[in-house]
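Protein chains in written order, with my numbering: chain G, -15 to 349; chain W, -15 to 349; chain D, -15 to 349; chain X, -15 to 349.
Wrong hints could be hidden among the right ones.
All copies of an identical chain are treated as equivalent in the list; a pair is satisfied when it fits inside any one copy or across any two copies.
Claimed, not checked - Keeping only pairs whose Cα atoms sit at most 25 Å apart, straight-line, the calculated SDA-like set for lysine to any residue is: (1) 187 to 62; (2) 149 to 264; (3) 149 to 266; (4) 133 to 173; (5) 187 to 244; (6) 50 to 78; (7) 187 to 176; (8) 311 to 56; (9) 50 to 77; (10) 311 to 263; (11) 31 to 253; (12) 151 to 246; (13) 311 to 253; (14) 311 to 262; (15) 151 to 302; (16) 187 to 301; (17) 151 to -8; (18) 133 to 57; (19) 151 to 266; (20) 149 to 201; (21) 311 to 243; (22) 311 to 90; (23) 187 to 300.
Keep in mind that the hints were calculated from the coordinates and are not lab data.
Here are the chains, one letter per residue:
Protein chains: 4
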Amino acid sequence: MSYNTFGHLFRVTTWGESHGPALGCVVDGCPPGLRFTLAEIQAWMDKRKPGQSRFVTQRREDDIVKILSGVMMDADGETMISTGTPISMLIENTDQRSKDYGEIARSYRPGHADFAYDLKYGIRDYRGGGRSSARETAARVAAGAIARKVVPGMTVRAALVQIGKHKINRDNWDWGQVNENPFFCPDPEMVPVWETYLDGIRKAGSSIGAIVEVVAEGVPAGLGAPIYAKLDQEIASGLMSINAVKAVEIGDGFAAAELSGEDNADQMRMGNDGQPIFLSNHSGGILGGISTGQPIVARFAIKPTSSILSERQSIDADGNNVDVRTKGRHDPCVGIRAVPIGEAMMACTIADHFLRDRGQTGKTR
Amino acid sequence: MSYNTFGHLFRVTTWGESHGPALGCVVDGCPPGLRFTLAEIQAWMDKRKPGQSRFVTQRREDDIVKILSGVMMDADGETMISTGTPISMLIENTDQRSKDYGEIARSYRPGHADFAYDLKYGIRDYRGGGRSSARETAARVAAGAIARKVVPGMTVRAALVQIGKHKINRDNWDWGQVNENPFFCPDPEMVPVWETYLDGIRKAGSSIGAIVEVVAEGVPAGLGAPIYAKLDQEIASGLMSINAVKAVEIGDGFAAAELSGEDNADQMRMGNDGQPIFLSNHSGGILGGISTGQPIVARFAIKPTSSILSERQSIDADGNNVDVRTKGRHDPCVGIRAVPIGEAMMACTIADHFLRDRGQTGKTR
Amino acid sequence: MSYNTFGHLFRVTTWGESHGPALGCVVDGCPPGLRFTLAEIQAWMDKRKPGQSRFVTQRREDDIVKILSGVMMDADGETMISTGTPISMLIENTDQRSKDYGEIARSYRPGHADFAYDLKYGIRDYRGGGRSSARETAARVAAGAIARKVVPGMTVRAALVQIGKHKINRDNWDWGQVNENPFFCPDPEMVPVWETYLDGIRKAGSSIGAIVEVVAEGVPAGLGAPIYAKLDQEIASGLMSINAVKAVEIGDGFAAAELSGEDNADQMRMGNDGQPIFLSNHSGGILGGISTGQPIVARFAIKPTSSILSERQSIDADGNNVDVRTKGRHDPCVGIRAVPIGEAMMACTIADHFLRDRGQTGKTR
Amino acid sequence: MSYNTFGHLFRVTTWGESHGPALGCVVDGCPPGLRFTLAEIQAWMDKRKPGQSRFVTQRREDDIVKILSGVMMDADGETMISTGTPISMLIENTDQRSKDYGEIARSYRPGHADFAYDLKYGIRDYRGGGRSSARETAARVAAGAIARKVVPGMTVRAALVQIGKHKINRDNWDWGQVNENPFFCPDPEMVPVWETYLDGIRKAGSSIGAIVEVVAEGVPAGLGAPIYAKLDQEIASGLMSINAVKAVEIGDGFAAAELSGEDNADQMRMGNDGQPIFLSNHSGGILGGISTGQPIVARFAIKPTSSILSERQSIDADGNNVDVRTKGRHDPCVGIRAVPIGEAMMACTIADHFLRDRGQTGKTR
């Protein structure tokens, strides 16, 4: 089954392929009365768009978002106000080089979705990976920009914390650094290390995996739900839906397997302001599937892109053994551009749960 | 929002609390014509039920499943045949000791859902954790037993691969050992190590985390879907919905972050039988969200239960600082009993995708 | 596809057949903090239960509801308080006479679901119609009793307005009469007419259709939504899901086809209390799919039951021509017992939309 | 809640307002391998588009559909082949005259959604009715054109059977006439009557209601499902979601209330070809919510448009009494243009159920 909608009340439906005229999304369920500008949305798009450094694909796309419905223009001629009806957003594809893909129309690139798509559908848009292309994630970022407006006071930020075996030093974490380098790296000491490391990989036509950490702050307590709409479950679902993601963890994640109950328990005390205080955040801000008011912390792993210059053994659609190397423009580390996408999925998931809790109508909120 | 249904076409709705008269589930969307016996279902229940060794909670529940609807009895008086209508299953609670929980009616156990439930609902069934109790998972195992029948030829097995820092040696992996020890451990050399280790934890009234690996074999290629119903996404969602799970990975998972594109690519060759062969399974049997026909491999981490004998700092519902220790019967390592639950969620998820692909009707299948 | 859940946020999943041990429902999404007694729920059940007059089936069922989960008992030992977790309700089948159905195990009763079920599923619980039996509606009434508690101030009432060609005189409408006669008839002058008419039908072993009108008052304005969750659309869906219903209309319904725009427009004026007043209610309380605050008015038609004593031409599962007459206990006018069921579906639909608007959480409401 | 998606597996999400730059839809869940041309889709659009006779609104829209995703072009450069990914379709608004609507920006047109939208959302796109405009239905017709391709051998046709009190003579029914007059009237003798009648209404600036009948032939038996996804229930839901529809009936509909069980039962006999034959079709092709293979017959009533030249009493957003007359371009009988829309909703609903039954994947079908 093809299924291209994410969310239950804040519903994002994305459409479009890498090499068609355009791609986009419909954001349905957005409450009325939200105020935003095109420039605000575009700013998030610009974080994700390709071609911004030598460490990401050299495809050139401006990724300009057009809003086709669901808003009225305020008197200032710039601020859009959501009306509660679906917001349709469209992004044109401008830099398509279909000739790059001619050779792989019938060969399956190892590690790519080619083989699985053909098995499932019996037909496949091989140009740029078609629907399995990471270009689909542009629409997610646009939707995420709207989602950020849904939850008042929420901040969602992400950073790259590991490339290959090179992990940041968490003691150096500085959110202010994240947008100051081409890696969304919060540790300034790690930047030159990654630079050298990725240059080597890039020149070799190879690729490498990475880990992204996403943190949402200002999330109201009480969001999420037992049993099958747990906030952590749906965050995991959202992050795992990103291309190339192979693992997700919340709070301490896999490390919790090595903790004792004493160490893992986030103890509490009443604060001077009469508000509960947690003395630690092993849980990643979620208990029993419900937000506690602490920062929500998730991490996800992105595998290395399979588009590499080395030949790999494979087969083609006719059942022949073939050797495949990918000559198009690709990312040595797709994890870099996954950073704003992870933010978008986190923002959409929390917005969805916020609306489940609070309802969707303007007047009654 | 309370949401207690899992799945889209194979839909499992669970209900019931730890200390009510019963709990159960409704399995809706089950295709007609499946044949099974109560004994088959009960066998899976028995794997999960408490009180089977000193390493799990001493609560005594027989967890006898009754089937109330959705089947006709075959002439043998034993085999049930699904009719395509909802299968309602009920499990009575027999060993409830509400007195154990009196003290924590208003105090929040650190690491438990108590605080989050009160924040969300303003009312909480404190007896045994109410709906957040792991007893809910009995219903999942019953549903999973049905799910196994939906996909012909599918086998779903799980094993415990790590307790605390003690990891199994994968070279010793022997599925035949898994049901021969109280840990569902596939490595016979690790069993005595875990035994000694957990005895220490148990006697100290402490607890420890663990990691479970689930493997589904015989899964048809082509299940799953782009973009927001990826098979790995939904497996992650299912596993993350299990109590105390904090992390999920597919295939190489987090380790993929450290791999190069060359190493990560699962190369292919045509086999002698004319079928494609993968030379490795880094992907865990899923590419682009779609099953490839390889075994599907997932792992998940379970945090240590927060029910421990040591006092922990907390607050109560009236905003007082309190110290909490949990005196009820509990599991030193809840990861053990998570093994059959992980199997059940994997089976249900795959069954759901199988029906999306194949449709649900008897005659047309 | 088998699909047995009604509603989006207030979700009712029903299960059970006419001749199994029990039937029931799970009400999921019910907000916490609702207060009700078993007696209140039972009162609605008693309106629907069979055997209450000679004009309905003589099957004897007490239809006693048991609540298995989702509530805590208040200190008075009688009032239940919803906790926000799923409410499982169970009703035992006590008067099953499977022998009555032996002859039709393989013959298709004309007008019944027998033929369609066999075509779809290839297997059919012929005993009492199995899942297609009107006994399923007992679970709806139980769910409706909860739904009534969800929307503060809402009243949902229904009445029978037509049997065969005998229509009530609307000038005689008296809600106080509805529960004073075996027909839920609001027109006391019509009662003796229907009595005589139905006695004739009953003695002839025949059956007749009817029309029910449902009115919901005290429904907040602003419920419902464009475009595909219109309140009238979902009311139509709910009512059309009742067995034997063939038509639904809102407000003037089919009569609107004969009205001019001038006559159909519900004009408005500001009332002395500063609230808008509608001068008529052709719309049935819904404009653009959204409630206006006026009473919501719907009508639905129920076909005559096909279980009649006269022989009808049919076929059997082996492809033979057969003649079928139904000898079991049946309703001369199933429309009578549809009255409380129509109320339940209306209540559930409005509760669902209420929660969409207001959210589901206790603390935040 | 705003909800703009119709269908479960064949999912149509529509977006766009009457006066924005464009409107459109995303058709998700369409199986791969369907073949169609733009011209085929456009032909259905042309049936619905405005300005085709003096009896419908004089708004001039070409309603040209663009397909932005989800298809590959066949070698003929004309035939599109669906790939199984979402099909995004876009229709530009070209004839918008916002000045026509200035006066009603704050006044509520009686019978329109204006008041309800303001109550719900607190903000309203008053230009042309915004999202509540019938222009939204252009997207439905485009989706319906795809849906027709999903079910092999299915034909869906509709006709106008009543305007005001003027009903067609069913004995004159001729499908060949339907596209030969501006009313989609199947009775050639009625055409001049309606012509004269509607001319009078048009010149008076008034409006009138109508009834449409939709018939689907070639629908496989076995589609639909108990209990809450009955085929008739979902057809009712789809038709009731069309603007201005107030009533829906299946088969004999409301007339079934006056039938005896003997008359209503559709008797059966085995045909000479070994296939079952129904001797009548009171049921409208659906029994127990499941298609029988007979033609599926539904009717729906459309109220008169509330946009009329006569002044009607109303209020404005500031709580003043006002008198409103609508000066824009409008339809004297919106029922006419509802004919292709009714076809589209029927086609989409059946396609959805077809995919539920058969699954959605190319290779496995």
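Hint check:
Neither within a single protomer nor between protomers do residue 187 and residue 62 lie at most 25 Å apart by alpha-carbon distance, with minima of 44 Å and 43 Å respectively. Taking CA atoms no more than 25 Å apart as the test, residue 149 paired with residue 264 passes between copies only; the shortest distance there is 22 Å, against 27 Å inside one copy. Within a single copy, residue 149 and residue 266 get their C-alpha atoms as close as 24 Å, and across copies as close as 17 Å, so both meet the 25 Å cut-off. In the homo-oligomer, the alpha carbons of residue 133 and residue 173 never lie at most 25 Å apart, since the shortest distance is 33 Å inside one protomer and 55 Å across protomers.
Taking CA atoms no more than 25 Å apart as the test, residue 187 paired with residue 244 passes between copies only; the shortest distance there is 13 Å, against 45 Å inside one copy. With identical chains, the CA atoms of residue 50 and residue 78 are at most 25 Å apart both within one copy (14 Å) and between copies (17 Å). Proximity of residue 187 and residue 176 under a CA criterion of 25 Å is satisfied intra-copy only: 17 Å inside one chain copy versus 50 Å between copies. With identical chains, the CA atoms of residue 311 and residue 56 are at most 25 Å apart between copies only, with a shortest distance of 23 Å across copies and 45 Å within one.
Both within a single protomer and between protomers do residue 50 and residue 77 lie at most 25 Å apart by alpha-carbon distance, with minima of 12 Å and 15 Å respectively. For the identical chains of this complex, residue 311 and residue 263 are inter-copy neighbours only, at 23 Å across copies versus 52 Å inside a copy, given an alpha-carbon limit of 25 Å. Taking CA atoms no more than 25 Å apart as the test, residue 31 paired with residue 253 passes in neither setting, with 39 Å inside one copy and 39 Å between copies. Taking the closest pair of Cα atoms, residue 151 and residue 246 come within 25 Å of each other only across two copies (21 Å); inside a single copy the shortest separation is 28 Å, beyond that limit.
Taking CA atoms no more than 25 Å apart as the test, residue 311 paired with residue 253 passes between copies only; the shortest distance there is 21 Å, against 58 Å inside one copy. Taking the shortest Cα distances, residue 311 and residue 262 sit within 25 Å of each other only across copies (23 Å), while inside one copy they are farther apart (52 Å). Proximity of residue 151 and residue 302 under a CA criterion of 25 Å is satisfied in neither setting, with 43 Å inside one chain copy and 43 Å between copies. Taking the closest pair of Cα atoms, residue 187 and residue 301 never come within 25 Å of each other, the shortest separation being 31 Å inside a single copy and 60 Å across copies.
Within a single copy, residue 151 and residue -8 get their C-alpha atoms no closer than 36 Å, and across copies no closer than 39 Å, so neither meets the 25 Å cut-off. In this assembly of identical chains, the alpha carbons of residue 133 and residue 57 lie at most 25 Å apart only when taken from the same copy (16 Å versus 39 Å across copies). When the C-alpha separation of residue 151 and residue 266 is checked against a cutoff of 25 Å, the pair qualifies both within a copy, at 20 Å, and between copies, at 22 Å. For a Cα distance limit of 25 Å, the shortest separation of residue 149 from residue 201 qualifies neither inside one copy, at 28 Å, nor across copies, at 31 Å.
Only between protomers do residue 311 and residue 243 lie at most 25 Å apart by alpha-carbon distance; the minimum there is 20 Å, versus 46 Å within a single protomer. In this assembly of identical chains, residue 311 and residue 90 lie within 25 Å of each other by CA distance solely inside one copy; the values are 15 Å within and 60 Å between copies. Taking the closest pair of Cα atoms, residue 187 and residue 300 never come within 25 Å of each other, the shortest separation being 28 Å inside a single copy and 59 Å across copies.
Hint compliance for this structure: hints 1, 4, 11, 15, 16, 17, 20, 23 are broken, all remaining hints hold.
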